[in-house]
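Add chain B to chain A, keeping to what the hints say.
These are the residues of each chain, in order.
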Amino acid sequence: MRMFNGKTERSLQFLFRLSAAALSCAVSPIVSAQIDSAETLLSPNLGTIVEQQEIEALDLIASAESPLPVGSGSAFQGREIYANQCAACHGADGKGGAANQPLVGGNIQSADRPLRTVGSFWPHATTLFDFVRRAMPANAPKSLSDTEVYQVVAYVLYMNGLIDQYKIIDADSLAGIKMPNSDGFIDMSAQ
Amino acid sequence: MTIDKLETAEESVAGNGLLSRRLLLGLGISGTAAALSPNLLAAEASRFNIPSWSKQPGPGPSAYGQPSPFVADIQRDPGRANPLYPGGGASRTPLHALRGTLTPNGLHFERHHAGVPAIDPAEHKLIINGLVDRALAFSYDDLLRYPMVSRIQFLECSGNSGALFGATPPQGTAQSINGLVSCAEWTGIPLSVLLNEAGIDPTARWLSCVGADAASMGRSIPLDKALDDVLVALFQNGEPLRPEQGFPLRLFVPGWEGNVSVKWLTQLKLAREPSQFRDETSKYTDTLADRKSLQFSFPMGVKSIITSPSGKMQLQPGLYQIEGLAWSGAGRIAKVEVSADGGASWAPAHIDAQSGDKSLARFRVPWRYSGAPAQLISRATDSEGKLQPTRDALLAEVGSLAFYHFNAQQCWAVDNKGEVSNAYV
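Heads up: the sequence lines are chains A and B, in that order. 0 is the number of the first residue of the first sequence in numbering that gives the first Met the number 0; add one for each residue after it. 0 is the number of the first residue of the second sequence in numbering that gives the first Met the number 0; add one for each residue after it.
It is possible that some hints are incorrect.
[Said to hold, decoys possible] Pairs of lysine-lysine residues, derived as BS3-like cross-links and limited to a Cα-Cα distance of at most 27 Å, are as follows:
#1 A:LYS177 / B:LYS282
#2 B:LYS291 / B:LYS224
#3 B:LYS224 / B:LYS124
#4 B:LYS224 / B:LYS416
#5 B:LYS311 / B:LYS416
#6 B:LYS291 / A:LYS177
#7 A:LYS141 / B:LYS282
#8 A:LYS177 / A:LYS166
#9 A:LYS94 / A:LYS141
#10 B:LYS334 / B:LYS385
#11 A:LYS141 / A:LYS166
#12 B:LYS291 / B:LYS385
#13 B:LYS224 / B:LYS282
#14 A:LYS166 / A:LYS94
#15 A:LYS94 / B:LYS124
#16 A:LYS177 / A:LYS94
#17 B:LYS291 / A:LYS94
#18 B:LYS124 / A:LYS141
Please keep in mind that the hints were generated in silico from the structure rather than gathered at the bench.
Just chain A, with the same shape it has in the complex (with noise of 0.2 Å):
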């Protein structure tokens, strides 16, 4: 708990100023603009300024803009990850199991309903090292080193065909894989 000093003070005033325009108009739109003037006057400021470091092992985002960690592996080295902690959810050859969530195969162009898969539909590499990180293997999620992750990424990108065993995948080879189906998608946001 925080002591009560000056800034509290002043947060307090705030929280008197918002509430009292919040109430004035329950249900009203201009609630969102109120509080924003009430903002500009003054806001709790409760917050820890954090340095980015401290928070590097709580940030898993990988992405384009937010820098995948040091680290590579190969599909070879892979392939005993996949078969000890995927292959019993996923199947051997990736194609499903008992997940009922296959990782390779289907066409997107296929004639009947397409299979989407990490190789027939999804439009960045990035985000499978992304979420194998962060989700798998699904009964012990974050239980892989980053190499690891690496190496099984690699390896579920060979099997949909996308690399050879001996590719090494790091930061920067994994940005520069074009998925098949990187242009298959329509930014719904922007229309």
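Below, chain B without anything else, positioned relative to chain A:
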């Protein structure tokens, strides 16, 4: 008040038994045919004795109230989990058994990708980083000391009613087909307040939002929306969020597909571009007939569903209220119409509960089921003038490969035996 008086008030307003919505208005009851049936009343008459519970004191006050055991069957349907990953899956709100517009906290629908984390709020942090002047960390206690606003708004999973894209009508209840929608009073801090405290870099356009569950669920939303009406919600219908709704805190993104209202919120990262998370590329995207896929299709379209009579119910000829819920991600519900003859004729429905911005509206039309087959459909129009599409129109627009954002009109068919089933018209 007698049954006769009610019956003389009936006034037909559209085909196949739809009656004036003035019927029963203001009488303070919303009876079903069963409750009003003269036979039943006669049978009750002999039982007008003092009941046993009026003769002995009941248990005293309790620490946390529970529903009556007589309605203990009003439950979500969590289904059967895959033992390999028991945390995945969804449970649906029993829409057919509820009235009003607020969903009780224990019945709010759930969709988890890696189960419900047991978060100690004293250990939980909300971090804001990326394109900001200063990265900030907030504890739960910090956030509790902020001024908060409350909004009554719906939350709908974009996969709700997705089975209705299928070639043959799925059979089930209003709950099993449409139950991934709920509505609550959400109380929290306008996200704009926290983001502004971190200082927004002028080049930031998107906000990546991450949860503290085992899936570390991530979604990106445009910064414009984040600064508009999004809340960091801490309370749900007046009490701290339920664990399955994100305790201790969640994002609440009004009117948009439920998955972006990230639960167990622990990180907000400002960036120029979306993060292209798995759940905004591989999932929550709809593939069109030309094999292009719609991404970041956030708003939930105008929609209504009939909650009663609905699938698996059994009717007797007589008077019913056709009841349902309507909502729109674009604003308020302006109008709901109901048809009992498969869309040939329509009657305006009475809106029983006021429709607020992006909240559920409850509508009703009295209807006399004659015993002849009927096809019950509702269609809503929102405050933007947008009319809920027919299924054919929706399929013509997005094709049959789509799975998310099904908002078309749905039909409950009543056959001549009074059985209600889901049908395509």
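Inset, instruction - For the pair we were handed, LYS124 (chain B) and LYS141 (chain A), check the Cα-Cα distance against 27 Å. - result: Cα-Cα ~18 Å, so holds.
Legend entry - Restraint status (C-alpha distance of LYS291 (chain B) to LYS177 (chain A) at most 27 Å): With Cα atoms ~17 Å apart, LYS291 (chain B) and LYS177 (chain A) stay inside 27 Å; holds.
Inset, instruction - Mind checking the alpha carbons of LYS94 (chain A) and LYS141 (chain A) for me, to see if they're no more than 27 Å apart? - result: holds (23 Å)
Inset, instruction - Verify the proposed pairing of LYS224 (chain B) with LYS416 (chain B), using a straight-line Cα cut of 27 Å. - result: Not satisfied, since the Cα-Cα distance of roughly 50 Å exceeds 27 Å.
Inset, instruction - Compare the distance between the alpha carbons of LYS177 (chain A) and LYS166 (chain A) with 27 Å, and conclude whether the hinted pair is satisfied. - result: holds (14 Å)
Inset, instruction - Take a quick look at whether LYS224 (chain B) and LYS282 (chain B) sit within 27 Å of each other, Cα to Cα. - result: Distance of about 21 Å is within 27 Å: holds.
Inset, instruction - Would you mind confirming whether the straight-line C-alpha gap from LYS141 (chain A) to LYS282 (chain B) stays at or under 27 Å? - result: holds (21 Å)
Legend entry - 27 Å limit on alpha-carbon distance, applied to hinted pair LYS141 (chain A) and LYS166 (chain A): Given pair LYS141 (chain A), LYS166 (chain A) holds - Cα atoms ~24 Å apart, limit 27 Å.
Legend entry - 27 Å limit on alpha-carbon distance, applied to hinted pair LYS177 (chain A) and LYS94 (chain A): Holds, because 21 Å separates the two Cα atoms, which is no more than 27 Å.
Legend entry - Pair hint LYS224 (chain B) and LYS124 (chain B), alpha-carbon separation not exceeding 27 Å: holds (23 Å)
Inset, instruction - Decide if the proposed pair is consistent with the structure: LYS177 (chain A) and LYS282 (chain B), CA atoms, cutoff 27 Å inclusive. - result: holds (20 Å)
Legend entry - Agreement of LYS166 (chain A) and LYS94 (chain A) with the hint, judged by alpha carbon distance not exceeding 27 Å: holds (22 Å)
Violated hints for the displayed structure, listed by number in ascending order: 4 and 15.
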